[in-house]
Structure formats: structure tokens, C-alpha cells
Amino acid sequence: MIKYVYSIDYLPGQKRAYLDWVRSIADTLQQPDELTHLASYDNVFSASPQRIVEFSFESLEAGAKYFERPEMIRIFEGELPQHGTNIGITVLKRLTDYTKEESNG
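Residue 0 in the numbering used here is what sits at position 13 of the sequence shown, and the numbering runs on without skipping anything.
Source of the hints: derived by calculation from the structure; they are not laboratory data.
Computed from a predicted structure; not experimentally measured.
Don't take each hint at face value.
[As the list claims (entries may be wrong)] Calculated lysine-lysine pairs in the DSS-like style (CA-CA distance at most 30 Å, straight line):
#, residue 1, residue 2
1, Lys2, Lys(-10)
2, Lys52, Lys80
3, Lys80, Lys(-10)
4, Lys(-10), Lys52
5, Lys87, Lys(-10)
With these hints in hand, go ahead and build the complete structure from the sequences.
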């Protein structure tokens, strides 16, 4: 599994505007078949990053295909910078070294 993790701060005084924008694009973000899971988190301490958004995919290729769609380019390159600041992106690969295995005995 591959996760693209976006860290975002709200523009000063614009949290409500950011949330309104997210509601307006939620269907577009969730629609493509490449996406297997989408989750967002708010920092309970209101510290930076104030918001984390995780996009999960089966492969790196699926993630690339998703973010290369014209509608995603419009959202992430055109609109997101108008609604957030200090935007960071981390791409992670899930490992199994902490996975709890069932024993056979």
C-alpha cells in the first residue's frame, strides 16, 4: 500500500472557507477507482500542521495516475494553494514489520 500524506495549515482566519472548499471537491477526490482510502485529520492542538490528508493506493503507479488526472491537477496545483499554506507532501510505503501475526500453535 502507498500513502500520499498532505500536511496543510489553514490560511489565517480561513478554516471555515477551507472546509467549505473541501466539501465542494469531496466527490471529485473520492470518485477515481485508483483511490482505495481517503482520510483527513485535524491537529487537536491547532499546531502546525493543522490538517493531515491521507490518500491510499494499491501501488505507486495508481497514485501517479490519480494525481495526473486533469481534475486533480486543477485541485492540487491550482486551488489548494489558495486555501492552505505550508503544504507538504510525503509518499509512504506500508511495511509489515509491526504487523501482529497469528501463531499456528
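Quick rundown of the hints versus the structure:
no.: 1; hint: Lys2 - Lys(-10); verdict: holds (24 Å)
no.: 2; hint: Lys52 - Lys80; verdict: holds (17 Å)
no.: 3; hint: Lys80 - Lys(-10); verdict: holds (6 Å)
no.: 4; hint: Lys(-10) - Lys52; verdict: holds (14 Å)
no.: 5; hint: Lys87 - Lys(-10); verdict: holds (20 Å)
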